[in-house]
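Colleague: Quick mapping for you: the protein sequence lines, in order, are chains D and A. Using this note's numbering, you'd call the opening residue of the first sequence number 24 and step up by one each time. Using this note's numbering, you'd call the opening residue of the second sequence number 24 and step up by one each time.
Heads up, some of the hints might be wrong.
If several chains are the same, the list does not tell them apart, and a pair holds so long as it fits within one copy or across any two.
What the hints assert, rightly or not - Under the rule of at most 27 angstroms between Cα atoms (straight-line distance), these lysine-lysine pairs were calculated in the DSS-like manner:
{"no.": "1", "residue 1": "LYS876", "residue 2": "LYS279"}
{"no.": "2", "residue 1": "LYS880", "residue 2": "LYS578"}
{"no.": "3", "residue 1": "LYS443", "residue 2": "LYS527"}
{"no.": "4", "residue 1": "LYS877", "residue 2": "LYS279"}
Because the hints were derived from the structure by calculation, they are not lab data. Since the structure is predicted, the reported quantities are computational estimates derived from the model, not experimental observations.
Chain by chain, the residues:
Number of protein chains: 2
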Amino acid sequence: MAQVRHRMTKPAARGRSAKPAGKNAVRKRSGRWTLLFEEGNAKMRDLLGGKGAGLAEMSRIGLPVPPGFTITTEACLEYYRQGRRFPPALMDEVRKRIRVLEERTGKRFGDPANPLLVSVRSGAKFSMPGMMDTVLNLGLNSRTVEGLAKATGDRRFAYDSYRRFMQMFGNVVLGLKHEHFEEMLAALKGRRGVTLDTELTAKDLEDLTEEYRKVVRSRTGKEFPDDPWQQLEMTIHAVFESWNNPRAITYRNFNKIPHDLGTAVNVQVMVFGNMGPTSGTGVAFTRNPATGERRVYGEYLLNAQGEDVVAGTRTPKPIEDLGREMPAVLRQFMDICALLEKHYRDVQDVEFTIENGKLYLLQTRSGKRTGPAAVKIAVDMVGEGLISKEEAVLRVEPASLEQLLHPRLDPQARKHVIAKGLAASPGAASGIVVLDPDEAAKIGTERKVILVRPETNPDDIHGLVAAKGVLTTRGGMTSHAAIVARGMGKPAVVGAESISVDEKARTFSVNSVVVREGDVITIDGSTGEVIKGEVPVIEPKLTGEIQDLLAWADKFRTMGVRANADYPRDARTAREFGAEGIGLCRTEHMFMEEERLPIMQQMIMAATEPERRKALDRLLDFQKEDFKGLFREMGSLPVIIRLLDPPLHEFLPRLEDLLVEVTELRLRGETEKLREREVVLRRVRALHEFNPMLGLRGCRLGILYPEINEMQVRAILLAAVELKKQERIDIVPEIMIPLIGLTNELRVVHQQLEQVAQAVVKEAGIKVRYMFGTMIEIPRACVVADEIAEIAEFFSYGTNDLTQTIFGFSRDDAQGKFLHVYLEKGILKEDPFQVLDRVGVGELMKMGTQRGKKTRKDLEVGICGEHGGEPSSVEYCHEIGLDYVSCSPYRVPVARLAAAHAALKEKTAVTKDV
Amino acid sequence: MAQVRHRMTKPAARGRSAKPAGKNAVRKRSGRWTLLFEEGNAKMRDLLGGKGAGLAEMSRIGLPVPPGFTITTEACLEYYRQGRRFPPALMDEVRKRIRVLEERTGKRFGDPANPLLVSVRSGAKFSMPGMMDTVLNLGLNSRTVEGLAKATGDRRFAYDSYRRFMQMFGNVVLGLKHEHFEEMLAALKGRRGVTLDTELTAKDLEDLTEEYRKVVRSRTGKEFPDDPWQQLEMTIHAVFESWNNPRAITYRNFNKIPHDLGTAVNVQVMVFGNMGPTSGTGVAFTRNPATGERRVYGEYLLNAQGEDVVAGTRTPKPIEDLGREMPAVLRQFMDICALLEKHYRDVQDVEFTIENGKLYLLQTRSGKRTGPAAVKIAVDMVGEGLISKEEAVLRVEPASLEQLLHPRLDPQARKHVIAKGLAASPGAASGIVVLDPDEAAKIGTERKVILVRPETNPDDIHGLVAAKGVLTTRGGMTSHAAIVARGMGKPAVVGAESISVDEKARTFSVNSVVVREGDVITIDGSTGEVIKGEVPVIEPKLTGEIQDLLAWADKFRTMGVRANADYPRDARTAREFGAEGIGLCRTEHMFMEEERLPIMQQMIMAATEPERRKALDRLLDFQKEDFKGLFREMGSLPVIIRLLDPPLHEFLPRLEDLLVEVTELRLRGETEKLREREVVLRRVRALHEFNPMLGLRGCRLGILYPEINEMQVRAILLAAVELKKQERIDIVPEIMIPLIGLTNELRVVHQQLEQVAQAVVKEAGIKVRYMFGTMIEIPRACVVADEIAEIAEFFSYGTNDLTQTIFGFSRDDAQGKFLHVYLEKGILKEDPFQVLDRVGVGELMKMGTQRGKKTRKDLEVGICGEHGGEPSSVEYCHEIGLDYVSCSPYRVPVARLAAAHAALKEKTAVTKDV
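Chain D with its partners taken away, still in its complex shape (with noise of 0.2 angstroms):
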C-alpha cells in the first residue's frame, strides 16, 4: 500500500500533473463533496472549477473574501452517475458548511432575527458564459426578511433583496420566465404611478413578492419554498442540472470542451454593497487592459450593487478617487492587487465589495487585454522578473497582433456605418470615392484615394496601386480586389452587395444614402464596414516591445516563416516583418501589369505554338527582371516560384461584357468594330469553362501549351545565372508546378522544364543549384503524395483551394451564398478558408506529409495558402511536421508568434507525458 502511495504522490512531488494528484488527495484525504474556500487552492480549478479555485486561492493566502464553501465537481458527476440524485452524504455535509459559516458570521441560516444569506453560484472549469446560474440573497423568506430590514435598519432594502432573490430563484430554479416576474413589477409600477424601480416604497416591494409568490403558485402548482435549507438543496440541484441543459451541451460542442466534467456550486455568505454611504462594489485590472500600463485601473459605485455597475444607471468612478473617500481601503486594496498579481503573476481582474467600511473579494481571474495590451505587459514582466520569456511568449494570442500591424480606426471615434461587405483585407483608410481606376491613378499620388468599382480585373491594377483601398460592391474573398488588395497589404471591403454604382451618375448609392465622387469615405477592412466621412486611423508600430517579443519567439520556434510575395516592394515589406523566404510568388499577376497584358493577350489570341512563342519571347525579358528583383531583395533566402496557374480566359475580357458589346456593335450595324470583336467573342468562348477552378489551369496548362512554362523557367534561370555572375547573389531558386494531381503530370512537365534549365545552366557556364516542386492544392495528390514525392523536391500546401476541393466549396460563391448561413446556424464553427479544417483538410494534409516525406526524408513541406498565418492553423501545421509556413508579409509577425506558441506547448505536452 505503502507502494502504491508513493507512486501515485511521484507525479505531485515533480510540480507537474498536480491537479489530478491534488484531486486525489483531497478524495482520499477527507472523502468529502465539498471543501471551504481556505482547503483549497488555485490548482484545483479541475475539483472547484475556475470560481471557486479562485475564492480557495485568495482565502488561502489571507485575503479578505466573505466565507463560503464549494461543492465539487466530483459531487456534480456523483450525482449523474447515480442517476441524478445527490450523494447520500452531500447535504449533511452541506448542513455541517452551513454551521461553519454561521459561526464565523454570527448569524444562523433562517433565523428570523439575524438571518445568514447566502449567494450560490455554478462555476465550471472552463468558463462556460450563458449557463452560469447564480441565485443571491438565498436564505431570505417571509420572517427572515424582517430580521434582514430589522439588522440594516433599511426595510426597502430587504424587501428588494427579497424580490430579487425570489426573481433569481424562480427563474433559476423553478424554471419561470423572467417575463412573468417584470410583468409583474411593470404593473405595479402602473398602479402606482411610478416609472423607476427606486420609486418604489418598501410596502410595494413587499406587495410584490406576494404577486410573485401568486405567480409562482399558479405557474408551477406548487407554494414558493419557504425554508431556507429547501431553497439551498433546490439550488444546488438546479445548478448540477444547469451542466446538461441543451444549451451547455450545444455551447461545449461548439468549443469542444468534454461532457465529463462537470460544474462546481459555490456557496458564499453575502455582503452587501449598498447598505450605505460607507458600502460600495467595484471592479478593477492589476494594470490597463488597454495599453498595458503599469497601473490599477478600475471603478466603483459607492452604495450600489454590482448589478448597478454593470446596469450603467450610474456612472462609476475611476478607482483613485477611494482615495479621497476611503483612503484606507483604497491603500488595502491596492496592496492585494500588487499583491494577486504577484501571486499569479499575470494581470488580474478583481471584483470587490464595500461593506461598512469593510472590503471583500469577490473573485480574481486572469484579465482579458488587447493586444497592444497584452504585448506590453508580457514584455515588462520579463522586466520585472515576474515571468519567463517563454511564459511571455505564451501570453501574447498571435492574431491579438494583427491589429497592431495594420492601421487601425480609433475605437473611440463616431463613425456613420453605411453598408457592410466581406472583411477582404484588414486594415482601414479613409479618402475621397474614385470610380474610374485611371482617374484614381492619375490623382492618387496626391490625394488620398478610395477606389469604388462594381469588381476589379486586371485592366484596374493602375487604380489599385494608387489607392488607398478599395471597395467593390460584388466578389468573393478570392475576388481580384480582394487578392491583390491582401498581397499589396492594403484595405479592401468587396462583395458590399447593398451598394448599386450609378458610372454615369458618378455616384453610388445604398438604401436612401447617396455618395458622389469627390466625397470621403472610410472603409474597414478588418471588420467590412463602409463608413461616410473621414474616421480617425491609428497607425501601426512595431514598437520595441513586439520586436523583444518576436525575437524571444524566434528563439522558440521550430518551423520556418516565410512570405507570400509577388513584388519585390513586398519581399522588402516581408524581410522587414521577419520573413525566413518567400514561400510563394504568383507569377500571374506580373502578366496583368499595364506594358505586358497585351503581349499576353497575343500570346493567348495566337493560333500557333510559334506565334505563342513569339509573344513569350516578349515577355521573357520582363520576367527576368522581375525574378531579378525578387531574388534581390531576398539575397541567398528561398523563394519559390510559382509557374503561370489562372486559367488564360483571366486575361481576356469578360464573356458577359463581350457579349453585350457585340449585340450592340451588331444592331449598331458597326461591321468593321464587329468583326474584329467578334474574333476576340470566339476565343473568349473557346476558353470559357463552366466551373474554371476546376478548369484548364495550373499545370494543365503546362501540359497544353508547354512554351509558357519553358520561358517561365528560362528567365528563373537566367535570373539566377545573371545575379551569380553579375551581383554575386547566390540564390536556390525553386520552381513550384502547380495543381498537380497525378504523379505522371509532374513528371512529364518536369522532365520538359529540367531540360530547360539544364540548357541555361549549360550555356551560362556557372554552377546554378534549382529545385522543382510542387502546390498540393488537390486531394488526390495528398492520396499519392508518395508517388510525388520521387519527382518533387519540396511540397507546398495550398489550402486555399485544397479546403475548396475537400468541402466541394467555391470559394467565391460559398462566401456569397451560403457560408454565412453555416456559420450563423453553427453547421461550420469557422470559415474554413481562414481556420484550417483539422478534421477534413488537415487529416489529408497530414497523410500527405506522411507519405510524402516517407519517400524522401528531406522533403521540404510548407503551407501557402491564407491559413499560414492564422494562428490555429499554425499550430495544426507544426503538429503534423511541416518544415516552414508562409503567408502575407503583413501576417509574418503573426505566424512567427503561432509557432513559437505550438513549440511552446509541444514542449510542455511532452514535459507532461514523460
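Given chain D, work out where chain A should sit, using these hints.
Modeller: Just chain A now, with coordinates in the frame of chain D:
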C-alpha cells in the same frame, strides 16, 4: 527431405498452383535453360511464355508441330542478373538442342548442302504486341542459300528467303531501320523497271543481298555475320534485350505487367508454305469468332507465306475450299481443331502451314471473339459439358455485353463520317435532322428524328423525348443532353465542336459539308461518330443465351445490382434487365417537364418563403404521382430518391442568352418587355455562380430553402402511404440527402425532414418505414464517414462528383479541353469518369466505407455514379465491400456479370491463398 518434398508437391496434387510447382520442378529436375517443345506443357506459361507453352502443349499431345525448343524466361532473367550476359551453359545447351533438331529433320545447321533453317521468336507470359521480335530463315548465308536453292529447286525462293532474313536480322538484331533496306529494294526495282517484288528475278534478289551486305557494313561498320551460330547467338541476345527496351517498359507500365517476368525465346525448324501448289498457309478459329457458331472458321492461301495472308495482296479462300484441293489435309486439320478445343476447353485461334502436302501447326491460342460470340460460345460449351457455369460466366467480358444492349451500326456497312464528338450515350440511330425541339416533338411520333442543337436545356425535354437520338455541338459528358440521353437509353453524341449550327438557315455545316434540316444522318453514341445518310442498324436482343448466362451470374455474385431511374418507364426497363431496386432517382428531371417548369421558375423567382411555399404546394401532387408511379413499378424493391440537387439557376434561362436579349430590347427601345426581362436577368445574376459545381446545390439548397426538401419528403411519404393503403404495396423509401461534406449539414437537414416524415406517417395512421441516408460525393465526407454514419442509414457513392472533386477536374471542362490530351500522352491510362480511379477516388471510398461501417454495422453502402455499370469499377466496389452497385438500366446486365466476375475471382484468390 521426403517431408519437404511432400509439402512442395501438395498444391500440385490438388490441381491448384500447378504453375509455380511445375516451374520449380523443371528447374530442379534439369537445371537447364532450354526445353524441347515436347518437354513442356500448357501450364508452363511462366517459364515458356504464352507462345512456347502453346507449342509445347501441341507437341506433347502429338500434334504435328515443327520441332523446336524454348529458351526459358529464367534464362532471360539470369541474363539480366549476370549484368546482361548469357548464363555460361546457355549456348552449349542451345547447341545440343540444335543437334536434336538436326537429327529429327536430317538437315544440318550451316550445312551448305542441306541447311537447317530456324525461326527465332520472342514470347513472354503476357502478349506484348509491338515487342514480339521475330527472325525467320535464320541459318542462311551465301553458302547455305545455295543449298536451299538446290534442295527446293527454286533459286528465286531461296534468295527471296535470304534477303528477307537479312532484312529482319538487320532490323531486329543490328538495329537498322527498315527504310534502309526498303530504299535498296525500291532502287533495284527502279533500275529493273518493275513495280512488284515478284517481278524481280533470282539474280536480282541475289544482287540485292549484296546491296544489303553493303548497307550493313556502312551503317554498323561491321560485316553481316555469316556464321549461323553467331547469327543465332546474336538473335537470342537481341530478344533478351528487347524485354527491357523503352517501349516494352512503357507498355508494361501502362498495362501493369510486372517487370520481372522476362521473355522466352522460341527456336523452331522453318517450314515453308510457299514451296509450290501443295504448300500453303492459313489461320482458323475453331468456332465463328463473330457469331459463336459451332463451326471452324478460317482462311488459307496456297503457295504463300504468313506475310502474304496479312499483306492482303491476294484474297484468301475460306477454309472449306481446302476440301477440294487437299481433302485429307482438311480432314486432319478439322480433327485437330476439334481436339484442340476439347483439350483447351475454349475456342482456339490456330496458325498452320502446309509444306509439300504436310500439315504443321505453328501456334494455338485462345481465340478473340465478339460479345455475342462470347456469350453463345460460353453457354454452348456448358451445354456440351466442356466447361462449368462458373467458367462460362468468367469467359464473357462484362463490357462485351454492352454492345448487345444497344442498337449498333452494322459493322459491314459503309459509312461517311463527317464529324466526331463525345460518345455520350451508347447506341446508334438514324433519322432526319431536326434543329427545333418543338418540331421534333411534333413529327417525332411519325418519323425518326435526330435532334441537333448547339446544346440542350430543360426547355428542350419534349424534343429529346420524341427524338431517336441527339447531337450537340457543345457540352461534355455531363451536359444536359448527355445525362438525359443516357437516362433514356438513347444514343447521344455531344460536344461535336467541328459542327456549326445555323439556326436561321436551318442547316448545320462541318468543314465543307452542309446538312439541311430534313436530311438523314446517323449518330453512333458508342464511338461519337456523326455519319451522313442512313447506316443499317442492328437491334439488340436479350437472347436466351444471355438470359442463361446472367441467371448463372446472379447465383455467383454477392453484390446487389440496382438501376438509376427517374421515370416509371426507366424503372420498368431496369426490372426487365434484372435490377433489384433503384439506387438513384434524380428528382430534378421531374421539375423540368413541360407543365411543371413554369411553376418551378415561379418558386425560384419568389422573393419570400410564403411565396415559395405556394408554388411548391402546386408541385406536391405532381411529385407524389411521380413517386407512386415509380414505387408501383418496383413493388417492394428498394427505391432511393435523391432530394433536389442542381443549382436553381439551371431551371432559369441562361445568363448569356438573357444578356443578349436584354441588350437587344434596350437598343430597340422595347421598354415594357425590357423591364420584364430585366427582372429575370437580375435573379439569374443573383443566382449566377463562378463554379456552380461547387456552389449552392445539394443539401446546401435544403439548408437555405428547407421548404423545397420538405415538399419532396412529404410527397415521398404520401406516395408510400397511399400505395400501402390503396394498393397494398409496401415500400420502404430511402430518402437521400445529396452533397453532404459536414456532419452538421446532415444533422440539420435530417432533423427538419424527420419531423416532416413523422408528421405524414402520424396523420396517415398506418405504419410506413423509411430511411434517411446520404450521397457521398465530397472528399470530406469520406474522411468523416464515421460521424456521418451516426445519422445516415445508408451511403451511396456519387463517384461522378467525387471524381471531379478528388481530381479537381470539372468534367464538362476537362473532357473538351484537356482530358483527351492526358489520354493521348498516357498521363492517364483511362478516363477516370468512365473507369473508377482506384488509387485516388478508390482509396477515399475505401476509407469512407470502413469508417462508415465501423460506426453502423448494417450501414447500406452502394454506388450510383456512372462507374456503377463499368466492369473494373464494379470489381473494385466488390473488393472494398459495397453492398450494391447502381447504374443506368441498360448497363444492369453488365453490372450483374461484372459483380459475378468479382465474386468468382475473389473465391479463386481465396482458394489459392489457402
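Colleague: With reference to the structure, classify each hint as holding or not holding.
Modeller: Do the hints match the structure? See the list:
Taking the shortest Cα distances, LYS876 and LYS279 sit within 27 angstroms of each other only across copies (25 angstroms), while inside one copy they are farther apart (31 angstroms). In this homomeric assembly, LYS880 and LYS578 come within 27 angstroms of each other (Cα to Cα) only inside a single copy, at 25 angstroms, whereas the closest approach across copies is 51 angstroms. Taking CA atoms no more than 27 angstroms apart as the test, LYS443 paired with LYS527 passes inside one copy only; the shortest distance there is 23 angstroms, against 48 angstroms between copies. When the C-alpha separation of LYS877 and LYS279 is checked against a cutoff of 27 angstroms, the pair qualifies only between copies, where the shortest distance is 23 angstroms, while the shortest distance within a copy is 32 angstroms.
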